[in-house]
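Residue numbers (numbering that gives the first Met the number 0), protein chains in the order written: chain E, 0 to 318; chain G, 0 to 567; chain C, 0 to 340.
Hints may be right or wrong, so weigh each one.
List time: in silico DSBU-like cross-link candidates among lysine-lysine, alpha-carbon distance up to 35 angstroms [claimed, not checked]:
id : chain 1 : residue 1 : chain 2 : residue 2
1  : E       : K156      : G       : K315
2  : E       : K66       : G       : K165
3  : G       : K178      : G       : K224
4  : E       : K40       : G       : K501
5  : G       : K567      : E       : K40
6  : G       : K147      : E       : K156
7  : G       : K285      : G       : K394
8  : G       : K308      : E       : K40
9  : G       : K171      : G       : K45
10 : G       : K171      : G       : K224
11 : C       : K126      : E       : K228
12 : G       : K86       : G       : K547
13 : G       : K147      : E       : K66
14 : C       : K112      : E       : K228
15 : G       : K401      : G       : K504
16 : E       : K228      : C       : K274
Covered by chain E, per the in silico footprint, the following chain C stretches (three or more residues, Cβ under 8 angstroms) [unchecked claim]:
id : segment
17 : 80–90
18 : 94–103
19 : 117–127
Hint data in this document are derived by calculation from the structure and do not stem from the laboratory. Beta carbons: idealized from backbone N, C-alpha and C, even for Gly.
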Amino acid sequence: MTAYIIRRLFQLVIVLIGVTFITFMMLKLVPGDPAVALAGKGATQQRIEFVRHERGLDRPFYVQYYKYVTRLLHGDLGESLYTGLPVRDMITQAAPVTIQLAVAAVLIEMLGIPLGVYSALRQYSFWDTTLTTLALIIWGIPVFVLGYFAMYIFGLKLNLLPIGGAGLPYILWILPSSWESFTYLILPALTLGIIEVAYISYMQRASMLEVSRSDFIRTARAKGLSERKVIWGHGFKNAVIPVMTIAGIDLGALIGGAIITETVFSRPGIGLMIYHAIGQRDIAVIAGGVLFATFFFVFANLLVDLGYAWVDPRVRLED
Amino acid sequence: MSRRNRKWVGLVALVAILIVAGLVIAACGSSSSSSSSSPSSAGTPKAGGTYNFPLGAEPISIEPLNTQESEGANVEHQIFQGLEILKLQPDGTTQAVPDLADGPPQVNSNATVFTFKIKQGVMFGPPVNREVTAQDFVDSFNYVAQAKNQSATVYILAPVLGIDAKTGYAGKNGLTGVKALDKYTLQITLSYPFADFPATLVHPITHVFPVDYANKIGRKAFFDKPVGTGPYMVQDWTHNQSVTLVKNPSYWNTSGSGDSAKPGNVDTINMPIYTDTSTEWLAFQKGTLDYSAVPAGNVHAAENNANVKSGAWTAKAYASTAVYFISVAMNHPMLGGANQGPNLPIRAALNYAADRTAVCNIVNEGVTIPSDEIVPVTIPGYKPGLNPYPYDPAKAQPELDKFTGTLPTNIPYWYNSGSSHDKIAQVLIAGWTKAMPKLSFKLNGIETNSYWTQCGQGKAPALFRMGWIADYPSIDNFIYLFTTQGGLYGSYSRYSNPEVDKLFKQARSTLDQTQRFALYNQAQSLILADAPCVPVYTYRDFRVTNNKIGGFSYNSFGLINMWDVWVK
Amino acid sequence: MAERLLEVKDLSTQFFTHAGIVKAVNGVSFTLDRNETIGIVGESGSGKTVAALSLKRLLPARPGQVVEGSLMLGARNLRTISDDEMRGVRGNDIAMIFQDPMTSLNPVMKIGKQIAEAITLHQDKSKREAWKMAIDLLARVGIPDAPKRVDQYPFEFSGGMRQRAMIAMAISCNPDILIADEPTTALDVTIQAQIIDVVREMQAQFNSGVILITHDLGVIAEIADKVMVMYGGRTVEYGPVDEIFYNAHHPYTWGLLASLPRLDASEKERLTPIKGQPPNLITLPAGCPFTVRCPYRRDECRDNWPELEIVAAEHGVHCWVPVDERQGLRVELPHFKEPVA
Ligand SMILES: Nc1ncnc2c1ncn2[C@@H]1O[C@H](COP(=O)(O)OP(=O)(O)O)[C@@H](O)[C@H]1O
Ligand SMILES: [Mg+2]
């Protein structure tokens, strides 16, 4: 197990380097030039060349990449081309905002599990039909639409919650420091989470129905177990396994979805950071952000794998 | 194994999504800018309270060195001052007037040497608390002009002697053109005549700051919490979240004399960052903000909002110094070539049939002002009626018939994707093809960063969308676009006309303002006759403000004198 | 006289589906005494499993329903007792082993826990005691190294082992009745005999009544006291095991017997399956369901269900072919020239 984790972490390093390579490649393939913006408005070609040379942007892509990786291996993520701020600091500031949201959304997402089970147990009942239909509808709504709608209703009309912002500062890295700070988290987390709740409950329902038709559930009933024991003791654990995988992949995907959520809710997280940096071709910032997202993604998957092994004895981490 | 594969696929997809989504969203980001207005004043200003002013993005910088976009500029404007300041005129234009300069400069006869007297008793705010001298200006200019400090706005200082024309930064010997003659006298020598030079001194990069202090605390610390002479100072800049300004307790202009900033009314200026206009607008409606832009498509709704009707809010479009035009690639044979050459009829016809009013009404919700000139109405010296091919679709086809060659088809029309440039193109093309059915166009939307890179390299083959915003209140800004140099680096049209260059140079050496304006406009007439572009409109900024705030004004550069605002 | 454990009378079970009403079991009656083993035979789809599940109220809740009959477990009618009582019956009185041991155990729960769970629920035992009992039971059904095995998961067990574990689970509460639904069908031939032995041993130990469901007459011959032959949801013939093997009266029973492997037969002759398809249970005729496939059918077969005819002690049959004719036909069958066993 420990060996497994160590191996996975080692893999992670290689993945991270690969990912920076992809990032550098992609930005090389997309036309656009930070030197133009850095040189300022109306700059002459000579001035652009001068700035490009000064900033080392005229060096071939592999040299730039090599330099980047060399610094990276020393734990140095470089600086923003525009502000000169260390990317490490930028990430340190932005990461808690993103992680707070992602974790809150995943916690909310977990509500989908009992909802899905409930639906499955009362298949075709009024509540099942309502929940399932609702889930499908919500699942189809784009995040930003839901986000504006939520802000309009709860922020403006009902005047219950703030509109936009991250509620900084936090305590213990990602925890809201006060009730007020917490109120900033509610809408974005619900917006992002509820879509996932819909998805998870839908999957959980399907999974639960499938499991409830299986032979071992009949065996459990044949033993004279109560319905509750049959459902939670035997059905649930089996039904939650496929859903867990989805939840794990989601945790990573949430970071991707953060670009939109963070823009809509004006939350200064990693997504927003990458978004601005891409517009400016600020390579070190983009690469840093992508590195972070990747790290988070791989880490979330590692957690899922560990959880998997814990729930399902058939999975062996040494494999 | 399959699960593992799926995971890697997921990872690659994640990276791709991050970057592609960023590019797509970035392409949708809009940018427009600034203008003029009347201060909304009723009642006597009261001290105290907080002004809540949203920033549309994290500022790139809030210090003179690198302030560039309107977000940073509105923060910097409250903290720093320079020799000149922008002042809204009764005629709606915005002009440069003396700020820390004690009256207008003395100028030599060929407009190359400007001697300024500096006001006495001007103080840097805490913790510096020191009087500003001419030497501070010398130091500030030298600091921002140094290549190692990497300013992106150093081009403003281009005329100053000592700037290396190649790099745009100060040369080996520093800014030899900037000298302190005595404690309160500053002399600036230019490397070429430029009569309107004082107008450039409203720009942040010319603002004064305590260089010794900046060096002492270090680049990064000064970046976060810069110190100037203005009525407000930085209390906190939580990056990406908000900037908080508080009153400068030892502000120098206690009497509030002259055109310099008066001591502030509100105690605190709270500037939260709203990265999305829709969110900002919601927050304004909630009462969290005292000022807001309005998302595209919501202008009419905002104008008809019950709070606007009742007078609780004001919704208004403020004219800015930005213009929107379609550049013609004069370096490509399709529509370009000789200024009065065979393609001129096509360019003239495009001007005749450009339905600017339709663009402003249909696409821009009536916010922008149709214009067939290069210079916006807000710039001193603006003169209407100079375009020889004003809107008249009936004249388009006869004009086009003067063209003797093979009519080009699928004329490429480039624009940077996002904003509403695609819709504008569609409306323009609809007008063109209606008046001239034989013409056809091909739209090409390109992500913003690559768009400017490619236009800058002269790769656009025929028509391409262009915008220009003044850096300082001078007509020179706009005529420059169509000088030989400006054709390369400003409008990217590659337009060049020796006559225009000559008039432009002449205007720059003319001290008399009336004569100077006449020369610039003579140049403009020549340019418009060659039709290297199709001007479309002058921008206005649509803003909604809460009338519980008094003393609000908005100049054509999008700057608000926040020391004047007060909470009723 | 032996103690009567179970008396099923006129059991009818139907599935209400979109396609129509599936008449899976139609008026089945039988009894079971202590220490007795009844074999229920019939080809796949004849309603054996449904009949058994009806007893335990384990039919898939929505479509499946017992529509008629009385199911008397001693003095209790299993059709009318509450769900709570029914759970008691499932745990204490009637245990069941299912056909497919590969899927009938919970894959993510330890074998020991799956056994102990039923024990703690129905007997006054602590978790620790139940665990110990589980080890003991595993050992008793012939699982070597039980103390280690009890800690393992189903995926670590072979098919035969799992079926043994299922049996251990079934007998854990000392049930009066043990239903074994094709307990060997999914297993290796060599394992089958072992499992049957275990069932038999357990019965001997606990004095239970056993309902053994199978389509394998060979197994029946080995352990059953009496046999019920089902076809199309109906009992077509029943009787003591010797009667069924040596004095069968129903053409379907003959067909079953003919398909029995014989030691002396060549490879080719060994199996003589009954020609034709099993009946459609939705459009079942009012008469004998076997009519279409029966070589001796006559006019009255299709539309009229023949009355029960007692042909010997405890031996009944439902068939329109007259008794004397049957005797003649049966003797002609090659199979009966040299009886098995
Ligand atoms: N859940 C169900 N829904 C509908 N029909 C069913 C269901 N379960 C069983 N049946 C019907 O009952 C008939 C008898 O099935 P079963 O008792 O399992 O046969 P077997 O004798 O092979 O055990 C089947 O042919 C099938 O058509
Ligand atoms: Mg069966």
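Results of checking the hints against the structure:
Under the criterion of a C-alpha separation no larger than 35 angstroms, the hint pairing K156 of chain E with K315 of chain G is consistent with the structure, at around 24 angstroms. Annotation: proposed proximity of K66 of chain E to K165 of chain G holds, straight-line Cα distance about 28 angstroms (limit 35 angstroms). A hinted pair counts as satisfied when its Cα atoms are at most 35 angstroms apart, and K178 of chain G with K224 of chain G qualifies at roughly 28 angstroms. For the suggested pair K40 of chain E and K501 of chain G, the alpha carbons sit about 24 angstroms apart, so the restraint of at most 35 angstroms is met.
Simply put, K567 of chain G and K40 of chain E have alpha-carbon atoms about 40 angstroms apart, too far for the 35 angstroms limit, and the pair is violated. The suggested pairing of K147 of chain G with K156 of chain E is violated, with an alpha-carbon distance near 51 angstroms, which exceeds 35 angstroms. Only pairs whose Cα atoms come within 35 angstroms are accepted, and K285 of chain G paired with K394 of chain G is rejected, the gap being roughly 51 angstroms. In summary, the hint linking K308 of chain G to K40 of chain E is not supported, as the alpha carbons are separated by about 41 angstroms, beyond the 35 angstroms threshold.
About 51 angstroms separates the Cα atoms of K171 of chain G and K45 of chain G, which puts this hinted pair outside 35 angstroms; it is violated. For a cut-off of 35 angstroms, the pair hint linking K171 of chain G to K224 of chain G stands: about 30 angstroms separates their Cα positions. Among the hinted pairs, K126 of chain C with K228 of chain E is consistent with the structure: their alpha-carbon atoms are about 16 angstroms apart, no more than 35 angstroms. The suggested pairing of K86 of chain G with K547 of chain G holds, with an alpha-carbon distance near 24 angstroms, which does not exceed 35 angstroms.
Proposed proximity of K147 of chain G and K66 of chain E is supported: the alpha carbons are some 21 angstroms apart, at most 35 angstroms. For the hint pairing K112 of chain C with K228 of chain E, the CA-to-CA distance comes to about 13 angstroms; that is within 35 angstroms, so the pair holds. A threshold of 35 angstroms between alpha carbons decides the hint, and for K401 of chain G with K504 of chain G the separation of about 34 angstroms falls inside it, so the pair holds. Between K228 of chain E and K274 of chain C, the direct Cα distance comes to roughly 46 angstroms. Violation of the 35 angstroms bound is thereby established for this hinted pair.
Chain E is given as covering the segment 80–90 of chain C, and this holds because 5 residues of the stretch bring a CB closer than 8 angstroms to a CB of that chain, at least three being needed. Residues of the segment 94–103 of chain C lying with their CB closer than 8 angstroms to a CB of chain E number 6, which satisfies the three-residue condition for coverage. Counting residues of the segment 117–127 of chain C whose beta carbon lies closer than 8 angstroms to any beta carbon of chain E gives 3, which meets the minimum of three for the stated coverage.
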